[in-house]
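S.K.: Read top to bottom, the protein sequences are chains A and B. Under the UniProt record's numbering, the first residue of the first sequence is numbered 1, with each subsequent residue one higher. Under the UniProt record's numbering, the first residue of the second sequence is numbered 1, with each subsequent residue one higher.
These are calculated hints, taken from the structure and not from any lab test. Hints may be right or wrong, so weigh each one.
Chain A stretches covered by chain B per the calculated footprint, using a threshold of three residues with CB under 8 Å from any CB of chain B [stated by the list, open to error]:
1) 57-68
2) 152-158
3) 180-189
4) 194-206
5) 218-230
Once the Cα atoms are required to be at most 30 Å apart in a straight line, the calculated DSBU-like pairs of lysine-lysine come out as [what the hints assert, rightly or not]:
6) Lys306/B - Lys331/B
7) Lys185/A - Lys109/A
8) Lys319/B - Lys185/A
9) Lys127/B - Lys275/A
10) Lys83/A - Lys339/A
11) Lys122/B - Lys156/A
12) Lys306/B - Lys185/A
Quick reminder that beta carbons are idealized off the backbone N, C-alpha and C, glycines included.
Next come the chains, spelled out residue by residue.
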Amino acid sequence: MALLRLSSRCTGISRPLSAAFSRFISTDTTPITIETSLPFTAHLCDPPSRSVESSSQELLTFFRTMALMRRMEIAADSLYKAKLIRGFCHLYDGQEAVAIGMEAAITKKDAIITAYRDHCIFLGRGGSLHEVFSELMGREDGCSKGKGGSMHFYKKESSFYGGHGIVGAQVPLGCGIAFAQKYTKDEAVTFALYGDGAANQGQLFEALNISALWDLPAILVCENNHYGMGTAEWRAAKSPSYYKRGDYVPGLKVDGMDAFAVKQACKFAKEHALKNGPIILEMDTYRYHGHSMSDPGSTYRTRDEISGVRQERDPIERIKKLVLSHDLATEKELKDMEKEIRKEVDDAIAKAKVNITVILLLAYSTFTNG
Amino acid sequence: MSAIIRGAGAATALSTFNPVDSKKLAAPSRTNLPARSKRYIVAGSDASKSFGSGLRVRHSQKLIANAVATKADTSVTTGTGHELLLYEALQEGLEEEMDRDPHVCVMGEDVGHYGGSYKVTKGLADKFGDLRVLDTPICENAFTGMGIGAAMTGLRPVIEGMNMGFLLLAFNQISNNCGMLHYTSGGQFTIPVVIRGPGGVGRQLGAEHSQRLESYFQSIPGIQMVACSTPYNAKGLMKAAIRSENPVILFEHVLLYNLKEKIPDEEYICNLEEAEMVRPGEHITILTYSRMRYHVMQAAKTLVNKGYDPEVIDIRSLKPFDLYTIGNSVKKTHRVLIVEECMRTGGIGASLTAAINENFHDYLDAPVMCLSSQDVPTPYAGTLEEWTVVQPAQIVTAVEQLCQ
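If we strip away everything but chain A, and leave its shape as in the complex, we get (with noise of 0.2 Å):
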């Protein structure tokens, strides 16, 4: 049983290297407790306790896909500079936490719905690392086919709305997503991702109304990353607790650097939202690229700043220290683990850049739907 979680979890490894990885990861179910690094801060509502349930497969897992999402945005970093990604490529690392935790503590039903940085929310909900560098790439085997783009990850089955552009314009469809789920009475919730930027746009306010108002399970979560682009986020918001932002809707702010608080959290809204209607979770989180591949991220910033985060708060190095100090591995395991992920991100995008280039032929299918 415990296998085939991790298999299902894992989509994106091949198989003989998850059966060689099984090794690695304990089959060891019995409850480990993890105290969170800060305690919750709570809006209009109780916060949830700091100790959370997880365990050695829990744990060992969460290092696995963390390593492996911030490989994958380093190579995506490298494919960039190479000119083999065009256009725009915002990069999650650094905020990968708010990924894992979301992931472990809902399942394929509840939907997911984010902007632009979208590369490893969209592993977590089951995408391939094929899919990924593909789309990146403009081939045919990407995920939306070459026609999206690194802004525009989609997968139906996974519940995971996508990955869009237009900065604010993905929370009402998240609230529409969240009217459908109670429409059809599908005991599962909406979690609408955006950014601290986000968090000033209109259409934000006008669907928390709706969704407070129609009692929709929605859940806002704010991955504060404490830049909109290049604007910090107190010279652009009067008020920058954007847990309280939503005045009569609870909300709840989070170590986002902390993969079992954002875990916690995430599991607290979605008994919330069943039953009373929408809450918005601030994820205190950081990124450490630029906005973009554009961006060199240190015109508005400082790098003892950067560096300062990668030391202190880094959410693969709390993982790798828990580990470490429950005795679940050995570094030097770790360190395999940590070359096998570079290898096999190595091979996808060796696999990825041998598929062909979308023809224009298709540019005009999937155009419409008879």
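Based on these hints, arrange chain B on the given structure of chain A.
M.R.: Below, chain B alone, put in the same frame as chain A:
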């Protein structure tokens, strides 16, 4: 589903698309038409390419396909129909579709308890409840977005803009999400929404409430636009739009809601991509839609008395144009006059003029003439307002000029 011609796998070449099977029986194939205009390739969700209109795919077995363009009189002349007003026809179509498919819901301002500002949704909230007929707060951007998000999961919302002009606030959602999501997701999601509402110049409603949005929306890739003009085609187009898997914008007109007509009792649907032959003729083709159809018909009375024989076509489908019907007409009459309520600059008429010139240049004996509204905000004063819109007298003059 078997009624549709299916392409043989992904390698089929692009081809023209034939919206109504009945045309194959009544008229020769389309191959004699120059196929330079862009057609929609209808791709099945299993990646096979099928050629047909959206509604044919699902309902070819059940429909009585009355709406054939070659039929001169589409309203019922025998005693078997029932008479109603245009807004009632819209309501009937909407109610029938909501009865038929539990996924259809309505959202908009004051559509529920109030009954709709133009009574199109009257009585629906009582019958279907608050979850299916949703009164939204005044936030077009958000509720249009929500409708589109709901459509991504399989619901079929009918989004009402109380006045089409208000939908400008939702332009981003309509353009980027509604129009493009099917494409950018590589075909994973369809957006079966209907966005509808009254637009056009009314009776001294002022500039902001007299807008014609069809010109702004026409370039959005991925959406379909239709304009209804009679109770018959209003009900038919409403039903077809709801059943279509594509996002459809249904343009109604503020001044046409109280038109009375007798429509059939039995169920029918109008083809979304088809134009309507209002009056066959020989001398000149007059292309029009929505309210201007009535100005044209009024002018036609005068013209007939003067000895002209105009062919009047209500184009109905604003995107894509039914160049088949239009082309056949141009080949017959060799003269075209377009009468529209859109602004002169960048309107539907402008696109239609370009399309006709591109495709049927050889058949024209005179340049295509286009009568549109003046490029000004609609004034409040009645006489001024009248002057900005095309009047029957101008149509008569234009026809006389073209037919010299």
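S.K.: For the region 57-68 of chain A, do three or more residues have a beta carbon lying closer than 8 Å to a beta carbon of chain B?
M.R.: violated (count 0)
S.K.: Can you confirm whether chain B covers the region 218-230 of chain A, using C-beta to C-beta distances below 8 Å and requiring at least three such residues?
M.R.: violated (count 0)
S.K.: Given the hint that Lys127/B pairs with Lys275/A, does the C-alpha gap stay at or below 30 Å?
M.R.: Given pair Lys127/B, Lys275/A holds - Cα atoms ~27 Å apart, limit 30 Å.
S.K.: Check the hint pairing Lys319/B with Lys185/A against an upper bound of 30 Å on the C-alpha distance.
M.R.: This hinted pair is violated, its Cα atoms lying about 36 Å apart.
S.K.: Between the alpha carbons of Lys122/B and Lys156/A, is the straight-line distance 30 Å or under?
M.R.: violated, 36 Å
S.K.: When you check the alpha-carbon spacing of Lys306/B and Lys331/B, does it fall within 30 Å?
M.R.: holds, 23 Å
S.K.: Take the C-alpha atoms of Lys185/A and Lys109/A, compute the straight-line distance between them, and say whether it is at most 30 Å.
M.R.: holds, 12 Å
S.K.: Establish whether the coverage given for the region 194-206 of chain A by chain B is satisfied; the threshold is a Cβ-Cβ distance below 8 Å, and no fewer than three residues must meet it.
M.R.: That given contact holds, which follows from 3 residues of the region 194-206 of chain A lying within Cβ reach (below 8 Å) of chain B.
S.K.: Count the residues of the region 180-189 of chain A whose CB lies closer than 8 Å to any CB of chain B, then report whether that count reaches three.
M.R.: Coverage by chain B holds for the region 180-189 of chain A (5 residues, Cβ < 8 Å).
S.K.: Starting from Lys83/A, check that the Cα of Lys339/A is at most 30 Å away, please.
M.R.: holds, 25 Å
S.K.: Counting residues of the region 152-158 of chain A whose CB is closer than 8 Å to a CB in chain B, do you get three or more?
M.R.: Result for this restraint: holds, n = 4.
S.K.: Next pair to validate is Lys306/B with Lys185/A; report whether the Cα-Cα distance is within 30 Å.
M.R.: violated, 65 Å
In summary, the numbered hints that this structure violates are 1, 5, 8, 11, 12.
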